[in-house]
Amino acid sequence: MSAHQCGCEGQVKQAQADEAEKYVKLAQIIDEYKGQRGVLIQALHKAQGVFGWLPEEVQIKVADGLDIPLAEVHGVATFYSFFHIIPRGEHTIRVCLGTACYVRGGKQVLEQFEKELKTKVRGTTEDRTFSLEINRCVGACGLAPVVTVGADIYRRVKLDKVPEIIAKYTGGK
Amino acid sequence: MEQVTLTIDGKEVSVPKGSTVLDASKAAGIGIPTLCHLENVHAIGACRICLVDVGARSLQTACTYPASEGMKVVTNNPRVRSARKTVVELMLSAHRQECTCCPRSLNCELQKVAKILGIQEHRFDGEMPEQILDTSSPSITRDSSKCILCRRCVTVCQQVQGVGALFPVDRGFETAIVPALKNDLIDVACVMCGQCVSVCPVGALYEKDSTDDVWKAIADPTKHVVVQTAPAVRAALGEEFGMPAGTRVTGQMVTALRQMGFDKVFDTDFTADLTILEEGNELLHRVKNGGTLPMITSCSPGWIKYIEHFYPTLLPHLSTCKSPQQMFGALAKTYYAEKAGIKPEDIFVVSIMPCTAKKYECQRTEMSAHPGIPDVDVVLTTRELGKMIREMGMDFANLPKGECDSPLGLSTGAAVIFGATGGVMEAALRTVYEVVTGETLDNVNFTAIRGLEGVKEATVKVGDLDVKVAIASGLSNAKKLMEKIKNGEADYHFIEIMCCPGGCLGGGGQPIPTTNEIRKARMGAIYEEDEHLTIRKSHENPAVLALYAEFLGEPLGHKSHELLHTHYTPRAKYPETDKEEVTTGGE
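Line order of the protein sequences matches chains W and Z. This note's numbering numbers the first residue of the first sequence as -5 and each following residue consecutively. This note's numbering numbers the first residue of the second sequence as 2 and each following residue consecutively.
What the hints contain is simulated information worked out from the structure, not anything from laboratory work. Quantities reported herein were computed from a predicted structural model and do not represent experimental measurements. It is possible that part of the hints are untrue.
Said to hold, decoys possible - For lysine-lysine, the following DSSO-like pairs were computed, each having C-alpha atoms within a straight-line distance of at most 30 Å:
no. : chain 1 : residue 1 : chain 2 : residue 2
1   : Z       : 340       : W       : 16
2   : W       : 28        : Z       : 574
3   : Z       : 574       : W       : 16
Pulled out of the complex, with its shape left as it was, chain Z reads as follows (with noise of 0.2 Å):
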């Protein structure tokens, strides 16, 4: 690859060409603030705060200026050390400053920076412009007061999940991120994924608080307060307390969840393994009696409300199958209260999800299996409990490893898994396989479709059948495959598809950052997990076949269907809008 040679304050460096000039400064070891810039993503060069001396009549912003050969960069003198600090007063001048409360206080960007320049007073006090508050969703917040408009979450809606619920209106002062037509998050086609909120470098998007609801319900002694973590919680937690990514952490956090007063420490694993007994079986009955292919995974709540609003006349190549989190809430509510002997509406269930769309979900009327009681109570994401954690004051990383609690917590390596892209096929193919050919796997790591590519496909022989398979995370590469289905284009058995960009590992509840060096090492993690455990294969979870036994008597069964199985809802991709209410109101 061509390079080119240039330097920066009086070091030469040489970077491909087409590399910018924060690139390169990278390359060269020396930092430069940055707001809006994203790796990979997004660089528009709105937040003016990398402004860099390139010899040029105007300082230039590094993020969007090309390195050229023998350009000569200073990326600190008084006039652009001047520059960027008067950048970011103005910035603050129009900010809410309620640090100590806002949710990213000390981890803020925008603080960060403000730190790293050295600003200690208000120099500008100045006209704030209209907050917006909107508490709509119940996924996530929106808070215009904070925003400094860098339109990171714009950029990461539209082009990385291809739903474009988020976009600037007005100008100037007035100018405000929004969803279409000034509505509500809640009444626009969001699918509350939550990656604005994990791209958003300050406290102007952020996931709605339930930690106090959860403080609450344990408590209240006459609650049972159990709790279920999905698999990517447990790669990626350690964040929150200052650990490497990629460190596993689940018997740390099993053991804090108990010192915090949970009744009963469950695994939302369990009912992974009960997933892919479940879908595996739909897979093979819809093969074999002419149903509906591809079939396409329903676990990941964001897709799900892609796919309705997006999409609603493919809605019958989902799998009916609830998601773990709510086949988990399910039996919660009746296999484990009969078999405890608690009322159900006394069984309290928390989520611990990597996600802000389960909040959502959990609150969908078809999610309860007693009229009026949802299976699942509250959704807290990994921040969240990151929070909680801290308000414990426990020493996270030392705390010794605990057990998940017998029946519900019990799990295997494919569960595990479910918390990387490709991880919900893998862990089907590996139970499929066995089921259909009645062959023990010799090799149970199907590493073809690993790895954090947006689509990846294979095909798997099982028995007498080539089993073609396509994978997708985030949804504007879940569009391509639903355009290729549209289009008779696909002809694929199954497909799995998650919401996030490499799966739930980057989920919108994970810590923040997330960014593609974070998502490999969570992924690493997840593996390590799963290589990890003695039992790898779904169907041979001794805790789901007593299940069966016990309780559901055979997967896609009646009770099954009662309490695994669901339907959805097509939704419109527009809000509505009121013909006659007209506003000729002005500004």
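Just chain W, with the same shape it has in the complex (with noise of 0.2 Å):
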């Protein structure tokens, strides 16, 4: 068979790096809080600053280097909702469930969001481009109802506007 022609291989080799490199980086953490008590949420939270979520091979590791039960590592890191078990989009769009957008048809908003996006709150796109969570009011209830894309503030969304947001972040594809 002839070498590959494509440059993909290259890619691979990369990722498979960078992949290993985060991998140390955990090693260290790890570290650090060896044989601590009450470190659990620390640990997650920077394993967290490296792989971008907390995947099960992570928790697992976690686990066992600070010798705390698995299940209480998934437990920890599924309760709080800025910890994330599944990979996370390139955006996370917020939209704000607080009371004023709330009865402003923030709900509407969010549902056409999932259809949109076919994925669910808490859920990420499968081609890993947005995440879709809710806000618990930003302090902006005049701009009822707001969604969030990062640093994006998007006011009065109604729902037709909800595939022009989207576009602006994918260039239309």
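Join the two chains, each given in its own frame, into one complex according to the hints.
The structure is reproduced here in structure tokens:
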């Protein structure tokens, strides 16, 4: 068989090297906390800083390194909404469901995003472009319902604006 | 000890400083209902049933609130009653209320509390959390639709057993108690001890029910159905029928089993004696020939699964002896089959065990003398036997006392004490001492190694040898000894480990509840039983001696190795993860 011509072999190798480097960093994080008590949340926080989310492999490494049952590590990772046990999308869409946004149609806007993105709240799209979250009041009730995408803010969002907002980040793909 | 004096419902009471309001109310003779509280194990104020008025702005949970000098507590006023009632009503609104067909019906703490609080209607009809029904384990079934999230199982599994198989995941209405990474129980490092079942206040955790299989076998005329009962069962079965803990019911149990239709009523105690001969000789062999020491007992299947998952490198320390249950099964389908002239495939072996892990043990593939035929067909817990006896409508307490059948029903006092922590060690010492020295023991009672303490140590002079022994019950205690061995700090010859606190008498298959008081009472019954037997040393069991003469030859002989000894399997501590299939689904 002839060697790969398309160059994807190099990409794969690079991805593997990146991944390996992340696990080296994880080992350093675990070493830092080893033998201490009450450090699980800090360790998970730093681990998520490296991986962007907390894959099962990472949860197992943390459990083993800190001598904490895996069930507990997983329990903590699922309890706090800022820990993610599924991969994150490139952009995070947050639909506000605070009282004002809720009565002004935030729930319907959220459902529209779910439909358009084919994912549920706390889910990530298959192409990992978007993660969908909810917000509990961003303190801009006069703009209700509010949607944020990363640092961008969208005010008084109507259902038909949803595809437009998505398109801005996909370049019309 | 410094005391504090407080008043509860106008009654003055003094308790040691550091006591909780719940402790103080008990001392004052005032009952406060609880659901999550577990004495000496678990007080986290999770269930909110024990709310009392301490004069503060909000009601406080008695199980966590410290009693202080001069405090005035009211446990029963309209505010308290209404709050408790609402808490239970909300609990019931998310609880699958199929009480009539629930395994815990009539022995359910939630049912009891609802009754005490006078709840007579469903005030809140709402959404139910998604049901997780996990029947993957041969020992334990989980049903989240009954769970009240009290977290007793979590604490027992993690703190008492050091296993940590269960933990709450997610939050709010979605909270559920699940094994690691939301796996099924069979796919994680669960030892199947059933301590979670034993503390569950409701029907969210229960043993896999096998009573129908046994009724079917009994009704099948082609099957010769024999039953064996573990030593700890006879010290607890009476509790299933309202008899006080610590009542010995060996005779009634034998009669009940016969009336149920078992063809032969045998006794696991017979193979407990046999275990002592095999294991005692194995120990002597290891000491003489430089084998792996300390040697550790292998009777407890929960303990075996624990060491396989958590300390696989220490497996060579385990005695190769099968547990008494499995030795019995192997002999029933070989020695007894030959003797009785019955084909092994027509013999159906039922075990009555204080244990849920035994249900798993009998399914291990290495536990069969004839390929494809398990040595033990079905394991029932003490509770399941209680259920079957109730189905028969027997007046259990007043049954005449029966005797076990020969030959697999003959046993000694040394075998009975297998049911208590330290018992296997004591039985072994009785035999090893006499075998090594050739002298008769003046006093067969090794009281130094009795009692509920988690870790016990002793040195016993046997001839020229100072035999150093250690005993642990409860896996968090076993863990302490394992760490010692791992770090090369254990100079013991022999270690006995029982998975459950107190030994089998506190097993996960025993009547619910099991408290320390109840453990003590059952332990008393076991030693009483030993005192009452004329033969109290395993090597003097005439049926065991006949078994060697007629069939096995000698301890550790060829046949013994084939039928009575086994091997162990290192197991993973963590479940498999599927790296490729990452869900992105969200809620």
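Hint check results:
1. Z:340 x W:16: With a Cα-Cα distance of about 66 Å, the restraint between residue 340 (chain Z) and residue 16 (chain W) is violated, given a limit of 30 Å.
2. W:28 x Z:574: Judged against 30 Å, a Cα distance of about 19 Å means the pair holds.
3. Z:574 x W:16: 23 Å, holds
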